[in-house]
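Asks: Residues per chain are reported as follows:
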Amino acid sequence: MLFNSLNFIVFFAVVLAIYALPLWWPSKKAVLLLASYVFYAAWNPPFVALLWLSTVVDWLVARRLYRSTHPTARRAWLAVSLATNLGLLAFFKYGTFFLENWNVISGFYGLGEMAFPWNIILPVGISFYTFQTLSYTIDVYRKELTPTNSLLDFALYVSFFPQLVAGPIVRARDFLPQLIQPKAVTARHLGWGLNLLLLGLFQKIVLADHLLAPVVTAVYDSGGVDPNRMSAWAATFAFSGQIFFDFAGYSTCAIGIAMCLGFALPDNFHFPYAARGFSDFWRRWHISLSSWLRDYVYIALGGNRKGVSRTQINLALTMLIGGLWHGAAWTFVFWGGLHGSYLIAERWARRSKLGQAGLWNSGPGQLALVLVTYLAVCIAWVFFRAPSFGAAFSIVKPLFGFEMATAQALLEPGQCAIAFAVTALLLGGHYVLREQRLEQVVDRIPGWLLVIGNAFMLASIVFSGGEDRAFIYFQF
Amino acid sequence: MPSSTSNSNPHERAPQRRWVLLGVSSLLLAAILLVATETFWRARGFQPSFTDDEALWSYHRARVTAKPQTLVILGASRSQAGFSQDEFRNRYPQWDLVQLSVSGQSPLAALADLAADPSFRGVVLCSVTAGALQQRNREDQQPYVDYYHQQSPSERREIGLQRWVKGALVSTHPQVSLASVSQRVLRGDGLPRPAVFETAFDRSNRIRYEDLDMEAYRAQRVARVEERRATMEREGPEEWRESVRIVDGWVRTIEARGGKVLFIRYPTTGDHWALDERDFPRANYWDVFATTCAGIQLHFQDVLALRGFECPDTSHLDTRDVPRFTAALVTAMEDRGLLW
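Chains D and C are the protein sequences, given in the same order.
For any residue, its number in the working numbering is found by taking its place in the first sequence, counting from 1, and adding 187.
For any residue, its number in the working numbering is found by taking its place in the second sequence, counting from 1, and adding 66.
Rather than coming from a laboratory, the hints here were simulated on the basis of the structure.
Predicted model, so just to flag it, every value in this text is computed and none were measured.
Built from N, CA and C at the ideal position, the CB exists for glycine as well.
One thing to keep in mind: the hints can contain errors.
[Stated by the list, open to error] So the derived label-pair ranges between C-beta atoms look like this:
no. : chain 1 : residue 1 : chain 2 : residue 2 : range
1   : C       : 255       : D       : 550       : 53 to 59 angstroms
2   : D       : 587       : C       : 202       : 56 to 62 angstroms
3   : D       : 306       : C       : 93        : 45 to 51 angstroms
4   : D       : 576       : C       : 202       : 42 to 48 angstroms
5   : D       : 540       : C       : 255       : 41 to 47 angstroms
6   : D       : 588       : C       : 128       : 48 to 54 angstroms
7   : C       : 202       : D       : 408       : 48 to 54 angstroms
8   : D       : 559       : C       : 254       : 36 to 42 angstroms
Generate the whole structure from the sequences, applying the supplied hints.
Replies: Structure below.
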């Protein structure tokens, strides 16, 4: 079920109404769990079984792990959890990818091709909930978390519908304690939650889908027609906005919906296009994933504790895995690799004489850092969005001034104007609000301005009347 | 050390504002904006209408059940705009009526899909021309058929719910959307005018000839048909007959289950009819189709009550004539035992 659908409005109204009834707290949690399964089943009912599998296995494994004292037994239980969750991911998300690559290699050596016996459907949100349950088991293994005895609480942690299919990836230590005390629907939570939901829907429906997606599609899905410089830049800027408004919009909706129910989910974005450098970018972009990768991959690999060279290898590996997490294609791996190389270059630059110069602490210096970071991130987005390397390079070349003789203007001037205007507003907004939190901003805004802003967003959603597009991150 | 990314106390994260007052005021202001915009677009002639896409088609395809008293209309824009659902429902209120025509496309893929549906036992009213029967056109509506088979129940419910919003508000139509209007204005094209074809939720089309320079519109349409025919590689008679044989197989499959199929050749007039006769002479095509394919074939020229309708654009019936044409067509179907 999509947040940007009338189905969801009806569903959420019903859930909220039942949840507001004076029920026993465990009953309310059961209502939320049932609602979460209905929410997930609306897409493809049989795949709820995967959620149950992941839930039951990790709940049992964590309890056994906690009770085991022998290191070998503990490692064996952890292996069960890893095998189950990564096995699900490997089969459903990477099965076809592995086989295609195997066939390329076997073809090269003159061996026969293998055909996949099934047409695999990627279960929505599998990358999110498997990472969430994995973090729980690993935390218990590391003795940083006491497992819950309540299967109901754990099942709700895995399946909580606001963040089930596209995050934020919630840690058990943040969520499970919230299930202990009964929650009530209050005007404060409901008011702020609905405001966040409205803001998220505005980002998704109006900015990402309505204004930017057509610009991006016209260039990135042009069917092999080379874009000219203007079209390539406009579409690439537009995609930087589309992916942000789409994904941050989803996260904002998720946080808002959870808030309506009295729960706090972690922030997932913090004005990322105002980042000064790439490590800053990853502290601001998809924060729940980047912190997951840092805690469970980068640190597990040794982090920065094993010397400069090893740190660089660890950074590169972490980002390559991060790239592969986003999609089963080499373009995603390349995108991750590009970000890995940015991070390595940044570490090197920070230690150089130029990096130590006082210039970077001045206003213009900081602005330059923000712009350089943004442009490099945009170049990487090309590989994230393009359907193939060929398509990606046909867009990257004109970005650097190498326009093909056959290049065409794939966008109307009006579309370019929309792309540049939205991008300028996005960058300006991020730059101004760089050190702020949304709550602080809303706290300071006069009431009348908030009313105008909300009414404008509501009306714009109605006036956007376009297609219903799924959130981009559903495919991951 | 794992880190939490934010405060997990919801109370501390929610700003303290007068949310009820803010919410009610926001809704009121949004309603005022909406009413003003609705009034503006309606004053320019816009009426609520739906995007005629695969999702809406699939919603209606899912309404085709095993009930024998089901009439499914297949075809292209002529049957979409030229069949009055109200007229039919007045005469046959107990029948289910499903409009599955798709503007500008041959209905062969949809007919094949109904033939492959073991539960379908109803009546098909299929609008075709000799050109639409060519093999090359067999896949025209396949994307619609594929979409239907992949559409989830949740997506279908969504279309059902959209009926109440899009059916009430002009402002939700893509033609008057923010991006569409702003791009038109930036191009110097000014504000949009209502489209010539408007689709209702039941997928019937209304053609608005009111604001058109009919002379120019007619000439433009005929020129477009002529251009398309000139660039089109025509199939040989044997290929065409092979296509008819395949259609014959589908019709027999439907009939074997107790269903019925009536093929109707909708009227075209003036230059369009002349082009049709030049490229697909009736004696070489329609008459061959009528004698070699199962089902019932009805050419508008062969039924007195269906003759004499003038198509303002040479290809589609005048909206004002559609109820009268539908009444005549329904009577012709009754006479042939297709309705009861």
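Asks: None of the hints should be skipped; say for each whether it holds.
Replies: Cross-check of the supplied hints:
Separation of residue 255 of chain C from residue 550 of chain D is about 43 angstroms and departs from the stated range, judged on CB atoms against 53 to 59 angstroms. Taken as a hint, the range 56 to 62 angstroms is violated for the pair residue 587 of chain D and residue 202 of chain C, whose Cβ atoms sit roughly 43 angstroms apart. Taking 45 to 51 angstroms as the suggested C-beta distance range, the pair residue 306 of chain D and residue 93 of chain C conforms, at roughly 46 angstroms. For the pair residue 576 of chain D and residue 202 of chain C, the beta carbons lie near 34 angstroms from each other, so the given range of 42 to 48 angstroms is not met.
Between residue 540 of chain D and residue 255 of chain C the beta carbons are some 57 angstroms apart, a value that contradicts the proposed interval 41 to 47 angstroms. Checked against the hint of 48 to 54 angstroms, the C-beta distance between residue 588 of chain D and residue 128 of chain C comes to roughly 52 angstroms, which is consistent with it. A hinted range of 48 to 54 angstroms is violated for the C-beta pair residue 202 of chain C and residue 408 of chain D, which are about 25 angstroms apart. Between residue 559 of chain D and residue 254 of chain C the beta carbon distance is about 37 angstroms. The supplied range of 36 to 42 angstroms therefore holds.
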